[in-house]
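A.B. asks: If you read the sequences in order, they're chains A and B. Here the first sequence stands for residues 1 to 111, where the numbers follow the numbering used here. Here the second sequence stands for residues 1 to 114, where the numbers follow the numbering used here.
Each hint should be verified, as a subset may be incorrect.
[Claimed, not checked] Calculated Cβ distances over 10 Å to all of chain A for the following chain B residues:
| hint | residue |
| --- | --- |
| 1 | 11 |
| 2 | 54 |
| 3 | 80 |
| 4 | 85 |
[What the hints assert, rightly or not] Interface residues of chain A toward chain B, partial, derived using beta-carbon atoms under 8 Å:
| hint | residue |
| --- | --- |
| 5 | 31 |
| 6 | 43 |
| 7 | 56 |
| 8 | 62 |
| 9 | 64 |
| 10 | 65 |
| 11 | 94 |
| 12 | 102 |
| 13 | 105 |
Worth flagging that the hints you see were computed from the coordinates, not collected in a lab. Computed from a prediction, not measured in an experiment: that's the story for all the values here. Glycine included, every Cβ here is placed at the ideal spot set by N, Cα and C.
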Amino acid sequence: DAGITQSPRHKVTETGTPVTLRCHQTENHRYMYWYRQDPGHGLRLIHYSYGVKDTDKGEVSDGYSVSRSKTEDFLLTLESATSSQTSVYFCASFDRNTEAFFGQGTRLTVV
Amino acid sequence: TQLLEQSPQFLSIQEGENLTVYCNSSSVFSSLQWYRQEPGEGPVLLVTVVTGGEVKKLKRLTFQFGDARKDSSLHITAAQPGDTGLYLCAGVPRSGGSNYKLTFGKGTLLTVNP
């Protein structure tokens, strides 16, 4: 099985509260990614990391921040959750000439 | 604007038919990947193509990377109900340098009816 896990798997939170999603990989991959998946939109890149403490924005980064203090961990924070951030969030890890692995997703509902 | 355009978005066919899914872009890619995703699960990598003009076969699935490295196709021969799923293409733009920004198309939702 792929060595990447996401937590929590499901979360319901209230509008305006901060939320942190966690991604942990054991593949020693250099690159890690956070995506959100909504009907009709496929996977949209939120933020990605190309090394410890090296991160960059994706196409839908507004309202999100990330941190990567260790190779294996990549955190996604919703600074003040809104209903438009209700989605399924996927983390992935990847390295050149290797297979990309995805977590099983986190279903986030903002009420 | 979507960097990778996939077509068709939806495809419903009968068991035994052949089909082709397309992934197109105006940008050049270092590599393109194809994934399959089932409901409630994360995408699973099917193949990576890295050389312009490359053709890779995976049982009944044939993947092709365009000569100019801007497009790719996935052809399934004699589709089976087990092929049902969301097929996604993804790529790393060549202009992205060493940061490896992996971006996805919107996907093709394939349904194979028995």
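A.B. asks: When the hints from earlier in the document are held up against this structure, which numbers fail?
C.D. replies: 8, 9, 10
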